[in-house]
Structures are given as structure tokens and as C-alpha cells.
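Novice: Each chain, written out:
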Amino acid sequence: MALIEVKGLTKNFGGLMANDHIDLTVNEGEIVGLIGPNGAGKTTLFNCIAGFYPPSGGSVRFKEEEISGLPANDICLRGIARTFQIVRVFKDMTVLDNVMIGAFNRTNLTATATKKALEVLEFCGLASKKNFLAGGLTVANKKRLEFAKALATSPSLLMLDEAMAGLNQTETVEAIELVRKVQQSGITVILVEHVMEVVMPISNRVVVLNYGQKIAEDVPEKIIQHEEVIKAYLGDKYHASRRTH
Amino acid sequence: MGEKKNRWIWLAIGALLLLIYPFFLTLPFPRHLMIMIFLYASMGLAWNMIGGYAGQISLGHAVYFGAGAYTSTLMLMKLGVTPWIGMIVGGFISVGLAFIIGYPSFKLAGHYFAIATIAIGEIAQQWMLNWDWAGAAVGLTLPILPESFLNMEFHTSKVPYYYIAFGIFSLTILATYWVDRSKLGYYFKAIKGDLEGARSLGINVARYKFYALALSAFFTSICGSFYAQYVLFIDPDSVFPLMLSIIVCLVATLGGVGTVWGPVIGAFILIPISEFTRIQFGGGGKGTDLIIYGFLIMVISIYQPFGVIGLSKRFKKKESE
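Sequences listed follow chains A and B, in order. 0 is the number of the first residue of the first sequence in numbering that gives the first Met the number 0; add one for each residue after it. 0 is the number of the first residue of the second sequence in numbering that gives the first Met the number 0; add one for each residue after it.
Rather than coming from a laboratory, the hints here were simulated on the basis of the structure. Don't be surprised by glycine CBs; every beta carbon is placed ideally from N, CA and C. Treat the hints loosely; a few may be bogus.
Computed footprint of chain B on chain A; a stretch qualifies when at least three of its residues, placed anywhere within it, have a C-beta under 8 Å from a C-beta of chain B [unchecked claim]:
(1) 74-80
(2) 87-100
Estimated spans, in silico, between C-beta atoms of each pair [claimed, not checked]:
(3) B:Val298 - A:Gly7: 57 to 67 Å
(4) A:Pro53 - B:Ile296: 34 to 44 Å
(5) B:Arg206 - A:Lys114: 18 to 28 Å
(6) B:Phe294 - A:Glu196: 49 to 59 Å
(7) B:Ile122 - A:Lys90: 29 to 39 Å
(8) A:Lys62 - B:Lys106: 26 to 36 Å
(9) B:Tyr302 - A:His20: 49 to 59 Å
(10) B:Phe267 - A:Asp91: 23 to 33 Å
(11) A:Lys90 - B:Ala108: 13 to 23 Å
(12) A:Lys180 - B:Leu18: 54 to 64 Å
(13) A:Lys90 - B:Ile99: 28 to 38 Å
Chain B with its partners taken away, still in its complex shape:
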């Protein structure tokens, strides 16, 4: 039990460090960096529910990210509703999309499911590029409102964004913890492990796959709404790109799929690489981070297929009789 107590102490220290971080690092860049880490860690965690726990590799998660971004933005611009409500509504719209997408595509196994999700992501992007009411290819520039928590807009400091991102991140971690310990997590892992075996133990495979995707879509969508409020400009190329779906998948895969902390580790490794190369090379070096990602993924999949977090599990007891 000592190990468990230690874990809580480390968790408390980590949370405390992250809480006081903006007081010590006062420049915008370190704060921005941490916000991006929180954002991608949350998305990695969300992706992990369907891709990691349930083993259904989705490469179309930009759909839910974009749906979240567009829902909260459109509700703000057309109806004047606070982005907080837009964020929740966006989450539920994404759950609806998850049902529409999941119903036909869950019949596909393995790679075919991944391919189908790519196709759906591309369709969504094309759709948004041509939908005039929603800004089409020009995108949407969010109205500049007075700084307030209710408006979720802050122009003088990144600190409020930092704490909102930290809140979303904490919520996603908690949700993942809950999934990990509950019937859902066990059933997701069973579906990943052996479909027929899962069925024989009374698992309604189609239903639990949908639960996994719905949870995943909901949290990804919340990240999308936050992103829109943070950047204050969205267009189909920034919130619906295939690259976003791939990076989210990489974050989880590099860190370790099907674990609570894997995607967090992944985000802490990948996002600084991407942000630093962006600064170093500017627009001319676009893609440098992807070259590094590609290299890391190759190394990880050859030497440590369970991700970085697998290093600690390597010594787990195995029976040898």
C-alpha cells in the first residue's frame, strides 16, 4: 500500500507545480507552451479511450475537434450564447456525430476502420470549406468581447487560459481514471483484446464501442471549443485537418496507449518539440517536428511497442513455469 500512498504524493506535487507554474514563468511563451501541452494531452487522453482502451484506431478525430470549435463559435456569433454553454452543446453534438460515424464504421475491422475515419474527416473538412453560413473557407473571426470568465476571452494575459486548459486537462484525467477503474474500461480492453472472447462473456460489442467513441468525441470537442476561444480565429484548415487527427493519435501512441498517463507523457514530449521547431525554423521549417515525430515513432514501435510508459511496465511479473 506504500506504493499507492507514494503515487498520491507525487500526484499532489505535480498538480501543485502546475498550479504555481504561471507565477514563476511569466513570459508568454512558456505559458503558451504549457497550454498547448494541456490541450494536446487532453486530446490524447480522449483519443486514448477509443484508440487506446478499445483498440479502434481513429484517424478522424479532427471531426470532433472541429465540431466543438465551430459549435461554440457559431453559437456565440449567431445567438450570443456564452462559449461555456457552446462548449457543452458542442460536446453533445459530437456525441451525436460519433453515433452517426460509429454506426456504419464499427462494422469495419482494424485498418479498414482507420481508413474509414480518415475519409470521414476529409468529408467533414470539404463540407466546412463550402458551407457559406459557417464561414466557408474564409473561416470565422470571433468577436472581441470584454475580458471576462463568462466570455472566455482574455486579451492581456494568458494566465486565465492557462487555468482553463489545466481544468480541462484535469477533467479528462479524472474521466480516464474513472474509465480505467470501471466496467467500461474492462469492457473496452476486452474488445481490444479479443472480439469473440468479449462477446462470449456477455459484452455487447457494438454498444461499448459506441460508448468509447462517445466519451472520446465529447472531450475532444471540448478541446476544440477551448482552442477557438484561445486563438479567436477558426477555419476548416486549422480545426479540421488530417494532421491534427494524426498528431492526437501520435501523442497517445508515443506515450503509451491504454494507460492513464501514457498520453500525458506523449504530449509532454511531442508538443515542446513541435513548438520549439516552429520558433527555430519558422514557416520555412514546417514539418520538422513531424520528421522528429516519425523518427520517435519508429524507435518506439521497434524497441518499446507499449510506448514510453511501457518502460516501467517492462519488469512486470510474468509467469514462467
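Next comes chain A alone, as it looks inside the complex:
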């Protein structure tokens, strides 16, 4: 069943078409990867869906309801949580407090929020850091915290904007594991990512944007052989290396 249906979504900044009639359907329980070269319009699409930009045209339907143009906090309440490419942790607060702010999305009680936040921290492997100030965390843990905050809002759709950029090999593997665990817990995921090793193995489907337009949508195995995608984004080098394997 379609959880979110984007139809003809358009966003222009003056003369620049950042998103040009994008169609995207994500079914419940899926992980969908969103890739494309720099400036392809991935983050803009994210911001339009999550209510940070009002779309210039088109529709976004979430759980059968039109949500395009609603403010971000409303959309979060309806069950779409997002993370930011540049983490937006509350740096002067502790890790636990950060996650509690997310958890307050579904409760007014501090005790309930604390309990939920501790569960999420445990789930994300941050439990041992709960009393540290968020500003003092390493990049990898800040990314993890950003993830935990979004998860604490109890979303049905989680949108991750480059949640793994800047992580090293081991940290990336751990982060991928986390995304898998989230999917297993019944949350649908849309993933914007530059790192191919991340998108390809965990995505059920991959959508490719270039110059604001959708140029391909398929299972990962097909995407890496898609001629237009290779030309636009992956480059000949990646193409060649796949052949030698």
C-alpha cells in the first residue's frame, strides 16, 4: 500500500527549476534510495515533502491525505520525521534531553517522554552517552543523535538526508545496520545519499534525480546498469569497475 504519493511536485526558485514534476510513490515498509549528483534537487524534494518549503505545484499525499503546503511541525505530527544533512542537534543540551524533545511529539508527560527517549537511545546505541552534552559528541555520534531525535517522534516515514556523509567505513556499516533495524520495526524509510555502498545494498528501490528531473526509478541492480544514470551520475569509472567484478 502506498504510504506517500508525490505527484507532479514542482519547486522553482525564481527561474531555477529545482524540482520539475517529480512523481514518487513509497509503499509501507520499503526503503527507497534517492540519489543524484550535487544540485539534482534531492534536498529540495525533501524540504517540500517535509513542509520546509511550500511546493510551487503538484501534490503530496500521505496516508491518503493531502499534506503539501502544511507547516513542518504539522507534518511531523502526522508521522513524517526527517534528519538534516548538516546536523541540527541542540548542542547545549544533553543527549537525553535532545531525544526527549523528539519524544514530546506524542506525549505531554515528561516521564513518558523520558521512557521513550531512553528506549530510542538504547535502540540507536547511544544509551551510554545520554548525559553528555550534544555539542561535545563526535560527528558519527551527532549523526546518530540526529537520527535518534527523528525516531523519537514515532514517525511512520523517516526521511534521512545524507545521514552517513562524513562517516568512516566502520561507522557507515553500523549506520546501515541501524537503518535496517528501523525498517524491521515497521518504519518506512526514504534515504538521500551520496555513498553508493550505502544506497545499493539496503534500498528496495532507487530513484535517480538529475537537474531537477526524475531520470530513473528501479531496483538497485537495474539502476547500476541504467545507461542514463551511469552517464549522469555514476560515471564511467563506476561502470567499468562493476564490469571487472
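Put chain B on the given structure of chain A with help from the hints.
Specialist: Same frame as chain A, now just chain B:
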């Protein structure tokens, strides 16, 4: 948990000392000093809700102080209503003002919000200076009524005022404690920390900013009503001045914003300075306290940006991996 128990013991000792204070210090001045400390601590705490927790620097809090003072006084003079009711009505009028002021000005960020609140404070003062029905520039002298709790007027001793001020102070502390521990406090801090981040977690930023300002305005207004009953004379220059707004902000900032005890510490440091210099230099030394304040603020902002209370938090664990 031992630490928590200790904290309650200290709190109980502090409260007890403040309760018996007027029995040991029987001269008017020490009692007056403590009343002023309570008053400014309460206002600092109230300011702290919007300025400290929610991070929206308001330099127009005299508006709410003045609204409280004028509402209870006018209700007493024109309608003969007890100042206790006037105090509560004043509080709600200030919440209304907070909505009118907050609605347009919350769209402004950072310094622009502060500037807008200064402008609104000045407008309010000019308005009152020219409003004949409310006494205009001459001000209002409160009628001398028989001493009673109901009339909130006491002519022979400052002790009843002392306990009322202590009550207001305790109430503001409790309210701050409640905010600090509840969803409100977390959301206020999130708004201060990162606006976009707050939005992404489902926080209706405009609504929670208004909640912070409304709480702040309510308690500031109560302080205004109390002040009118204590001094028994109000005019636009004494209850609407920009300097009042600034001192309230300084009290909170010096002690430490966004904490329960910061503004209390600030008031205990700043108000004695102001009262003692007033005695020492009289009218000729007006502003001496401000010179000292200015110096303290510079020292604090350079060496201890989280205020005096930050000294104790300095050693808080930070992750270093």
C-alpha cells in the same frame, strides 16, 4: 540520589532562613532590601522564561510591569476592587498584551526582536504619559486605606510586604521549576537552540514562543501590582522606564539564563549593589550601580558566558573521543 536529597535540605534551610529573616533584622532597610531582592528575582525569573529558556531577548518587559501596576491601581481607585483581584486581572491583561505584542514581533529574529520590544516599551510609556484618565504624567497616588491584608496596604511595618514578596517569589520559583521539568521547558530550549530543528520535531514555534511570553508577562505583571501597593505611588517614569526592562534582563543574564536559580543569584548580587550605592551617593550618584553592572556584565560575558551559575556547570562531563 544523595545529591538530590542534599539539594532539598539546602532548599529547606534557605526557605527557613528567609522566613525568619524579618525577626532578626528589625530595621526597615534590611527588610526593604530583601523585598527588592524578591521583587527583582521574581521579575528576573519571569523574564528568564522568554529570554532565558526560549532565547527571545525582550527589552520591553516594563510594559507588563507597568500594566500590572496600573491595572490594580486603577481598579482600586475607580472601582474600589481589592488589589488582589486587580493583580490577577492585571496578569491576564498582560497576557493579552503579550499576544498583541508577540504576534507581529515573533516574526523577527535575534536582535530585531529585541529592538522591536524596546520600541513597544517606549510607545507604552508615551501612551501612559498622555492618557489623562490614567493620571498621565502626574501619575497616580494610591488612596491610603486602613491596614489590612485585603487592602494590601501596611503603614507601620514592612513585615507583611516582606511575606507577600516572599510569596510571589516562591510562586515564581515554583512556576519556573514546573516549566523547567515539563514539555514547555524542553520546547522553549529547543526553540532557543535551533529553530529549524525544533520545527522538524513537531514544535509549533509561534505557539510555544507565545506560551513563554504569556507566562513571563503574567508574573512580571504581578510584580508590578505588588510594587504599586508597596510604594503607593506610580507614574509612567517609575513603572514604564526602559531602564527597568534592562535591569530585569541583567538580573537574569548575570546570574545565568535558562536555569531556575540563575536569576535568583543575579538579584542577590545586583540589587544590594543598587540599593547600597543609592544610599551612599544619593541622587547625585544615580547610575553608579549601572556602571558596576556594566563592568560585571563585561566580565561575565568574557569569562563566564553562562552566568555566575555556569561556574558550577563548568565541570559537567563532556565527551572527548
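Novice: For each hint, tell me whether it holds in the structure or not.
Specialist: The hints, checked one at a time:
Requiring three or more residues with a Cβ within less than 8 Å of a Cβ of chain B, the coverage given for the region 74-80 of chain A holds, as 3 such residues are present. Counting residues of the region 87-100 of chain A whose beta carbon lies closer than 8 Å to any beta carbon of chain B gives 9, which reaches the threshold of three, so the coverage claim holds. Look at Val298 of chain B against Gly7 of chain A: about 60 Å separates their beta carbons, and that is inside 57 to 67 Å. Under the hint 34 to 44 Å, the C-beta atoms of Pro53 of chain A and Ile296 of chain B, about 42 Å apart, fit the expected range.
At about 25 Å, the beta-carbon gap between Arg206 of chain B and Lys114 of chain A stays in the expected band of 18 to 28 Å. Checked against the hint of 49 to 59 Å, the C-beta distance between Phe294 of chain B and Glu196 of chain A comes to roughly 58 Å, which is consistent with it. A C-beta distance of roughly 37 Å is found between Ile122 of chain B and Lys90 of chain A, which places it inside the suggested range of 29 to 39 Å. Between Lys62 of chain A and Lys106 of chain B the C-beta distance comes to about 31 Å, which sits within the given range of 26 to 36 Å.
Between Tyr302 of chain B and His20 of chain A the CB atoms are about 57 Å apart, so this pair conforms to the stated range of 49 to 59 Å. Between Phe267 of chain B and Asp91 of chain A the beta carbons are some 25 Å apart, a value that agrees with the proposed interval 23 to 33 Å. Between Lys90 of chain A and Ala108 of chain B, the C-beta spacing of about 19 Å keeps the proposed range 13 to 23 Å intact. Here the CB-CB span from Lys180 of chain A to Leu18 of chain B is close to 56 Å, well matched to the stated 54 to 64 Å.
Here the CB-CB span from Lys90 of chain A to Ile99 of chain B is close to 34 Å, well matched to the stated 28 to 38 Å.
In the structure shown, no violation is registered for any of the earlier numbered hints.
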